[in-house]
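Sequences listed follow chains L and F, in order. For the first sequence, counting from 1, position 152 maps to 163 in the numbering used here; every step adds exactly one. For the second sequence, counting from 1, position 279 maps to 290 in the numbering used here; every step adds exactly one.
No lab work stands behind these hints, which were simulated from the structure alone.
Which copy? The list can't say, so a pair holds if one copy fits it or any two copies do.
Heads up, simulated DSS-like pairs for lysine-lysine below, C-alpha to C-alpha not over 30 Å straight-line:
(1) Lys55 with Lys217
(2) Lys158 with Lys51
(3) Lys21 with Lys190
There are 2 protein chains.
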Amino acid sequence: MIEQHLNACKARVEACLVAQLNQLPRSEVQLADAVAYSLKVGGKRLRPALVYSAAASLRADLTLFPPNLTPLDLAAAAIESIHTYSLVHDDLPAMDNDDLRRGQPTVHRQYDEATAILVGDALQAWAFELLTQIDTLPADKVVAMVKELAQASGPKGMVLGQALDMQATGASESVDYLKQLHSLKTGALIRSALRLGAYCMNAGSKERRVLSAYGDAIGLCFQVVDDILDVTTDSATLGKTAGKDQEADKLTYVKLLGLEGAKAEAQHLCAQAKASVADLPNPQVLVELADYICNRAS
Amino acid sequence: MIEQHLNACKARVEACLVAQLNQLPRSEVQLADAVAYSLKVGGKRLRPALVYSAAASLRADLTLFPPNLTPLDLAAAAIESIHTYSLVHDDLPAMDNDDLRRGQPTVHRQYDEATAILVGDALQAWAFELLTQIDTLPADKVVAMVKELAQASGPKGMVLGQALDMQATGASESVDYLKQLHSLKTGALIRSALRLGAYCMNAGSKERRVLSAYGDAIGLCFQVVDDILDVTTDSATLGKTAGKDQEADKLTYVKLLGLEGAKAEAQHLCAQAKASVADLPNPQVLVELADYICNRAS
Chain L
12 MIEQHLNACK
22 ARVEACLVAQ
32 LNQLPRSEVQ
42 LADAVAYSLK
52 VGGKRLRPAL
62 VYSAAASLRA
72 DLTLFPPNLT
82 PLDLAAAAIE
92 SIHTYSLVHD
102 DLPAMDNDDL
112 RRGQPTVHRQ
122 YDEATAILVG
132 DALQAWAFEL
142 LTQIDTLPAD
152 KVVAMVKELA
162 QASGPKGMVL
172 GQALDMQATG
182 ASESVDYLKQ
192 LHSLKTGALI
202 RSALRLGAYC
212 MNAGSKERRV
222 LSAYGDAIGL
232 CFQVVDDILD
242 VTTDSATLGK
252 TAGKDQEADK
262 LTYVKLLGLE
272 GAKAEAQHLC
282 AQAKASVADL
292 PNPQVLVELA
302 DYICNRAS
Chain F
12 MIEQHLNACK
22 ARVEACLVAQ
32 LNQLPRSEVQ
42 LADAVAYSLK
52 VGGKRLRPAL
62 VYSAAASLRA
72 DLTLFPPNLT
82 PLDLAAAAIE
92 SIHTYSLVHD
102 DLPAMDNDDL
112 RRGQPTVHRQ
122 YDEATAILVG
132 DALQAWAFEL
142 LTQIDTLPAD
152 KVVAMVKELA
162 QASGPKGMVL
172 GQALDMQATG
182 ASESVDYLKQ
192 LHSLKTGALI
202 RSALRLGAYC
212 MNAGSKERRV
222 LSAYGDAIGL
232 CFQVVDDILD
242 VTTDSATLGK
252 TAGKDQEADK
262 LTYVKLLGLE
272 GAKAEAQHLC
282 AQAKASVADL
292 PNPQVLVELA
302 DYICNRAS
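Excised from the complex, chain L in its bound form:
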């Protein structure tokens, strides 16, 4: 059931991404190709799924596959574009220096470093352009969505989290520090995905707050599970190098709480997420998604 929902969301956002990529100028240079490459090396498309799922929890009917791009599709594509840019830059030699991403060469390995920098820059601008293509919502909602995404991804959100993360390597910090770091680095965008879905449904601030609380909990849960999988799963299953955090003496939940402590924390966060959305009109898909995130094997 939840797998089917995730696959449907993935299909929709990928159709939107492909349609929009076709609008990019095909010049003599490989920029558009490299942008397309970065987006194609996609995983579960979790953040787009959160956009659609938030809307479903507010009674959007996702069984209708609309003939035209909807605000949800454009918001989902925008958030995936921001997420992808952050991965492309994060993989750079000066950052995490990763050669593989989901089993494929990272952009700077497939092309070169300069191209990877430009691909990330292009994806970020493109994300905001995608939001401005939403023409079936009131303009003030679109402005609010641009502000939402800019704040979540910029120096008050994701980028600040990246900076905190780089500084944290090797240090022995507290669980609070780690929570703050992940609340920014991955949490801000996850929260934003849910809130963008709410904006698409013209939801009020109460619904946005509820979805933010859910996002906070599943964002942290996602990261705790990531840390658990890094020590319990092999590289082939993960699609990235396992054991890397331990090797780099990276600050993780497993390091701070132990493996069993981390597992208990994941369960606790999952329950918290599910409880927070209980009063929404149709919380079922968000409930299943929380379980999925908590119990995933890769």
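Could you slot chain F onto chain L? The hints should help.
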């Protein structure tokens, strides 16, 4: 007269940037400091001046220094933020590998490469956030401004120009190729600055077209003069390494047209720019600005 105008524009945009920088979270990490550093190493603030000057040409009264930030101030700060991010990333070792920018260490020299990547990423998101803070224009104008800036700076504009530029090094291409390259790499943002000024004045599409034509001409003129100064001026006056283009066998107007040919082209473009705005209500400041750009010594 024009110097006074430029100084007034510079003062206004810098006041806006400082006020907005103070809103960034001061965490344990140096991200906000590094962002502020990148913005402080400012030059003439030409692009912000174009925002204000376009508005002046449409009868904005710039002699009133308003107590609150106006749409013009936020648009000027946004465009400077995008311009600054492009310089920070352009200076990286994998790109132009520059140690100095306007006589000061570049961001990756002052801090480190990872910080420079994150500063550029942060500045880009921040630029769009600044636009969404405009609350005295209709929301549909703000959406149009976000779209304008995203298209001008992203994979259809500036970033595509950067990619073309990197590929062009050492090649022997045509003047048309060089014009296309600069029309994207520097022209798109210059044109966008003028159009953002027009949006702030609620101008129609005719005025935006006129200002775009002016921007095309002065954008190219700016670049031709840059190429001329690279061979005729010393590093101290330029505030960057002179002769670098020649050394790198870079494609320039001087290389393609010769020094005298490039000077004639600059004059031609300047005259074209001035002619294009003749019918605007108050073109004087744009006329003087074109002369200033064409005749500058650094």
